[in-house]
Amino acid sequence: MNIWIESLLAFLILAGASFTLLGSIGLARLPDFFMRLHGPTKTTTLGVGAMVIASAIYFSVSDPGISLHEIAATLFLFITAPVSAHLLAKAALHIAQKPVSEEDRPG
Amino acid sequence: MIENSPYAFLLPLALLTAFAGVLLPLLAESHGRKLAAIAAGAVMAVSLALLVPLFALVVSGQTVVVPVEWLPDYGFNLAFRLDGLGMLFTILILGIGLLVVLYAYYYLPDKDKLGRFYALLLLFMSAMLGIVLSENLLMMVVFWEITSLSSFLLIAYKSEAYESRIAARMALVVTGGGGLALLAGIILLGQVAGSYELSQVIAAADLIKADPLYPLILTLVLLGAFTKSAQFPFHFWLPNAMAAPTPVSAYLHSATMVKAGVFLLARLYPVLSGTDAWLISVSAIGAITLVYGAYMAMYRDDFKGLLAYSTISHLGLITLLFGLSTPMSVVAGVFHIINHAIFKASLFMAAGIIDHECGTRDMRRVNGLFKLMPITATLAMVAAASMAGVPLLNGFLSKEMFFTEAVLFTGFDSSHLILPVFATIAGILAVAYSARFIHDVFFNGDPVDLPRQPHEPPRWMRVPVEILVLLCLVVGMFPARSVGTLLATAAGATLQAPLPAYDLKIWHGFNLALVMSVVALAGGVALYAQRATLIRWNDKLPSLNSKTGFERLHRFMAAQASRILAWLDNGSLQRYIALLCAFVLIYGGWASYRNMSLSDASFSGASSSPIDIAAMIALAAMALGTIGTTLLHHRRLLAVILIGIVGLVVSLTFVRFSAPDLALTQLSVEVVTIVLMLLALYYLPQTTPKESSRLRVGRDVLLAAGIGGGMALATYALLTSPFSTISDFYLQQSVPGGGGSNVVNVILVDFRGFDTLGEIAVLAMAALGAHALLDQLRLLPPKHDSAGRQWAQEPHPLFLRMLMQPLLPLALAVSVYIFLRGHNLPGGGFVAGLVTGVALILQSLAGGLSFAENRLPRSYPPLLGLGLAFAAGIGLVSWFFSRPFLTSAHGHFHLPLLGDIELASVIIFDLGVYLVVVATVLLILSELGKLHKGEQT
Numbered sequence: 749m750n751i752w753i754e755s756l757l758a759f760l761i762l763a764g765a766s767f768t769l770l771g772s773i774g775l776a777r778l779p780d781f782f783m784r785l786h787g788p789t790k791t792t793t794l795g796v797g798a799m800v801i802a803s804a805i806y807f808s809v810s811d812p813g814i815s816l817h818e819i820a821a822t823l824f825l826f827i828t829a830p831v832s833a834h835l836l837a838k839a840a841l842h843i844a845q846k847p848v849s850e851e852d853r854p855g
Numbered sequence: 010m011i012e013n014s015p016y017a018f019l020l021p022l023a024l025l026t027a028f029a030g031v032l033l034p035l036l037a038e039s040h041g042r043k044l045a046a047i048a049a050g051a052v053m054a055v056s057l058a059l060l061v062p063l064f065a066l067v068v069s070g071q072t073v074v075v076p077v078e079w080l081p082d083y084g085f086n087l088a089f090r091l092d093g094l095g096m097l098f099t100i101l102i103l104g105i106g107l108l109v110v111l112y113a114y115y116y117l118p119d120k121d122k123l124g125r126f127y128a129l130l131l132l133f134m135s136a137m138l139g140i141v142l143s144e145n146l147l148m149m150v151v152f153w154e155i156t157s158l159s160s161f162l163l164i165a166y167k168s169e170a171y172e173s174r175i176a177a178r179m180a181l182v183v184t185g186g187g188g189l190a191l192l193a194g195i196i197l198l199g200q201v202a203g204s205y206e207l208s209q210v211i212a213a214a215d216l217i218k219a220d221p222l223y224p225l226i227l228t229l230v231l232l233g234a235f236t237k238s239a240q241f242p243f244h245f246w247l248p249n250a251m252a253a254p255t256p257v258s259a260y261l262h263s264a265t266m267v268k269a270g271v272f273l274l275a276r277l278y279p280v281l282s283g284t285d286a287w288l289i290s291v292s293a294i295g296a297i298t299l300v301y302g303a304y305m306a307m308y309r310d311d312f313k314g315l316l317a318y319s320t321i322s323h324l325g326l327i328t329l330l331f332g333l334s335t336p337m338s339v340v341a342g343v344f345h346i347i348n349h350a351i352f353k354a355s356l357f358m359a360a361g362i363i364d365h366e367c368g369t370r371d372m373r374r375v376n377g378l379f380k381l382m383p384i385t386a387t388l389a390m391v392a393a394a395s396m397a398g399v400p401l402l403n404g405f406l407s408k409e410m411f412f413t414e415a416v417l418f419t420g421f422d423s424s425h426l427i428l429p430v431f432a433t434i435a436g437i438l439a440v441a442y443s444a445r446f447i448h449d450v451f452f453n454g455d456p457v458d459l460p461r462q463p464h465e466p467p468r469w470m471r472v473p474v475e476i477l478v479l480l481c482l483v484v485g486m487f488p489a490r491s492v493g494t495l496l497a498t499a500a501g502a503t504l505q506a507p508l509p510a511y512d513l514k515i516w517h518g519f520n521l522a523l524v525m526s527v528v529a530l531a532g533g534v535a536l537y538a539q540r541a542t543l544i545r546w547n548d549k550l551p552s553l554n555s556k557t558g559f560e561r562l563h564r565f566m567a568a569q570a571s572r573i574l575a576w577l578d579n580g581s582l583q584r585y586i587a588l589l590c591a592f593v594l595i596y597g598g599w600a601s602y603r604n605m606s607l608s609d610a611s612f613s614g615a616s617s618s619p620i621d622i623a624a625m626i627a628l629a630a631m632a633l634g635t636i637g638t639t640l641l642h643h644r645r646l647l648a649v650i651l652i653g654i655v656g657l658v659v660s661l662t663f664v665r666f667s668a669p670d671l672a673l674t675q676l677s678v679e680v681v682t683i684v685l686m687l688l689a690l691y692y693l694p695q696t697t698p699k700e701s702s703r704l705r706v707g708r709d710v711l712l713a714a715g716i717g718g719g720m721a722l723a724t725y726a727l728l729t730s731p732f733s734t735i736s737d738f739y740l741q742q743s744v745p746g747g748g749g750s751n752v753v754n755v756i757l758v759d760f761r762g763f764d765t766l767g768e769i770a771v772l773a774m775a776a777l778g779a780h781a782l783l784d785q786l787r788l789l790p791p792k793h794d795s796a797g798r799q800w801a802q803e804p805h806p807l808f809l810r811m812l813m814q815p816l817l818p819l820a821l822a823v824s825v826y827i828f829l830r831g832h833n834l835p836g837g838g839f840v841a842g843l844v845t846g847v848a849l850i851l852q853s854l855a856g857g858l859s860f861a862e863n864r865l866p867r868s869y870p871p872l873l874g875l876g877l878a879f880a881a882g883i884g885l886v887s888w889f890f891s892r893p894f895l896t897s898a899h900g901h902f903h904l905p906l907l908g909d910i911e912l913a914s915v916i917i918f919d920l921g922v923y924l925v926v927v928a929t930v931l932l933i934l935s936e937l938g939k940l941h942k943g944e945q946t
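Protein chains in written order, with my numbering: chain A, 749 to 855; chain B, 10 to 946.
To be clear, the hints were calculated from the coordinates, so they are not data collected in a lab.
Wrong hints could be hidden among the right ones.
[Claimed, not checked] With a Cα cut of at most 30 Å, we get these calculated DSSO-like pairs of lysine-lysine: (1) K167/B / K122/B; (2) K167/B / K43/B; (3) K120/B / K167/B; (4) K939/B / K838/A; (5) K838/A / K792/B; (6) K792/B / K699/B.
[What the hints assert, rightly or not] Calculated from the model, a selection of chain B residues having no Cβ within reach of chain A, i.e. all distances over 10 Å: (7) L36; (8) V75; (9) D82; (10) L225; (11) Y537; (12) L589; (13) T638; (14) P694; (15) R703; (16) S750; (17) L788; (18) W888.
The model shown is predicted, which means the values in this text are computed figures rather than measured ones.
Using N, Cα and C, we set each Cβ at its ideal position, and we do this for glycine too.
This is chain A alone, in the form it adopts within the complex (with noise of 0.2 Å):
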């Protein structure tokens, strides 16, 4: 395999990796319910992303013939992610979940 795809594989697998790491301690870290809800939907996203798009190049070099299934893939993490991140900020909402910048204001 070309060294320059292997190195471009190689960037992307760690971008996603870093990305879904980020956003994994973001999930566990970040002070309130809205600000967690940004780290598993939207770097995941890109994270994963990342990684079907050096799946798709690493397949389709390797075998024969262009490899699809990623895009399917991508396709679902696209309906997927933003439907439940929205479904899960309406419940936020209704049970009264404050963000922290309204707890902290004063008065």
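Given chain A, work out where chain B should sit, using these hints.
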């Protein structure tokens, strides 16, 4: 001896006609009670006519046996037999049956439709015929039980009367219980003899008598016979069964039902008799019953009760005669069966006429009827005289034979006195109660305060009595010419040996038996004359009311049974599971303790696959998930999520061990289960109180640890023990035999298709169960959650709905794809059904239940049925190609668009599986959705 004549087929045909005819009176009923009676009579007449051609064969000394193989491996064949004994009983059953049909038509009130009565009577008659025409003893027991059941229904014919129901239940408990003992006895007998065919059992008689099980067999068989024939101490059901309408008594309690017991004694006489145990037990019980019944009969004020006790006494006499086991006593016993049936049936019918005309059966009120109904009175008096053993009547002949045997018998004591004295006492008592019946009812002053004004009954009601009384006279005067042949044939068949020399005539010269008869007649009349003293004396004896005693025992047992049941079955699911687990633990522990071979083999250390880190993590996740679910079960939402984790890890494990079918199935099952559970959670209370005491938690922990540890050990033992599987066969045969390369699917739908059919049937039943439980249930969902927050009233998010709608065709396409490729690649009807289910659940979650409901079928049970019909139907198709059920066919096809495709007939079967799964999922979903409908509107 055994002959297969060209007419032998008539034998099973007659029995079939009788059983098939049971429904005729019910059908005829709507055209009037007369037609119902004619239908019943016709069925009996046709059955008799079918058998008559065979009688000539039987009389010439042959036995007709018709074997029809059914379950030969279990010794259960439909084997029929007609010999002399069977012929005698056939004539009694059908002949008296015909008279009873005629009699009942007039006896039962006009408002009764009679269809039910005649149907039951025919059922009983058919079962009796079955008993006497069975060659296979197991078949005989089956018919025996049918007589118990149908007599229960007949005795309780007047079911609105409490007395009738109690009496019927008592008769059923006693005779049915005896039937169970008989079944056990016959099974043992068949085991010892090596066959249940009567001919072979008779041939093995010596073997049976020498077997150590013989005493047990004898006891069990005698229990059956004695309960049925109302022998002491099981006699008490018979007097109470007089609550039955008189035609039933005349039929069941004179000629048939109670005679089944003595028939059994006669039938098994060649097999079981000839030992001391038989001699002593049978003759002693018979003798006690003979005297006890006669004594009790004297004190009945109810004349039907008097007849009942006299029946008990006469059955005791027959039993005693079979017990004595000399050839001549058997002839006398068979002869008395005939005579007793004739005079007792006519007496019961006469008693029924009197009851019918007077409205009461109390002999203290029914007096002097000779003036009011002279013809009936004369008939009844002749029959009663026969019962008493007056010369020139048939009862005299068999009684004389009995006296002769009593004198000649030398088995009991050296002085030869006990039996003759006993016989004479019984004779005296019989004369006394007969005298009481005649004198009290027909003479003895005038009737006292009768509810009705008695007069002669309708002409045709008396005809059956006239025929029977005529028979009494004919047999009494010309015995050899009238019943000589029948008696010789029947007695010969009973003995299964050459007949002794005997002479059927009235006058045997002056001998001891004649003296005994004279003493009995004179003594009986004298005893009756002294009746006032006797009755006073008898009143001082402690009374033994069998009816209340039995009823009390019955109630006591029923109460105890419900106490045990209330303890075991108190509606607590926890208790059921605890009991089940404890039983499994004890029984499994005992079994593995007894059979250590499994555990011996298991710990020898066959190699297992190496454990890697991923597997360890998966195992840890599963263990944590399970423990978490248990510990957090009070927080239901969390517990459900933890269950989901366990399920996901299990499906990953399947992936790891290359079982993609299982993984796919597990994943989709998991999704469906969790979603449905979450929906159900909505209706449960928000918080769960702590319900279990510490003690109970301890018990449960112990039980759970035991079961879990046991299962782990068993699994370990199974996985590590060397054993050969049939997997190789499946792997080799999958493509050539099943036409598919996905072995899992081929096993499911082809090799073990019957299993799958059973499984989807269970699934469909479970769905129907959910339907039954939830269909009419309406619950008020909680207004707010545990923290007091209101449920959201917002509409379903548009965002979600818009995104989910395009997913539906996509998901359905996936499920079709999975379904079609199932036979060769991972997939199949089950997974496809689950995928469809998930897709539809998603739609209803996104759009709301009412959104989904408007677009989906309303009723799912028909869909379940359709699925099962597909699966079973394709199985039936293979019958048309004369192949076994569920044989598959497969072939290679070229279809447009899809290209070359391997199609197997099992795809229809798989379609059935698919439909059942989809219907089950959607049914539960829609039932859960409907639960809170009432509140929404």
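Structure-based check of all given hints:
1. K167/B / K122/B: Distance ~13 Å between K167/B and K122/B Cα, so the pair holds.
2. K167/B / K43/B: Roughly 20 Å between the alpha carbons, so the hint for K167/B and K43/B holds.
3. K120/B / K167/B: 13 Å, holds
4. K939/B / K838/A: OK: K939/B and K838/A at ~25 Å, within 30 Å.
5. K838/A / K792/B: Measuring from Cα to Cα gives roughly 19 Å; hence the hint holds.
6. K792/B / K699/B: Satisfied, since the Cα-Cα distance of roughly 23 Å is no more than 30 Å.
7. L36: For L36/B, whose nearest Cβ neighbour in chain A is about 66 Å away, the distance exceeds 10 Å, so it holds.
8. V75: V75/B clear of chain A: closest Cβ-Cβ about 72 Å, beyond 10 Å.
9. D82: For D82/B, whose nearest Cβ neighbour in chain A is about 57 Å away, the distance exceeds 10 Å, so it holds.
10. L225: Check passes; 74 Å lies beyond 10 Å.
11. Y537: Label holds. Min Cβ-Cβ 98 Å, cutoff 10 Å.
12. L589: Since the minimum Cβ distance to chain A is about 40 Å, L589/B lies beyond 10 Å and the statement holds.
13. T638: The claim holds: T638/B sits with its nearest Cβ about 23 Å from chain A, beyond 10 Å.
14. P694: 19 Å, holds
15. R703: Holds: least Cβ distance 35 Å, greater than 10 Å.
16. S750: 23 Å, holds
17. L788: At roughly 22 Å from the nearest Cβ of chain A, L788/B sits farther out than 10 Å, so the non-interface label holds.
18. W888: Given that every Cβ of chain A is farther than 10 Å from that of W888/B, nearest at about 45 Å, it holds.
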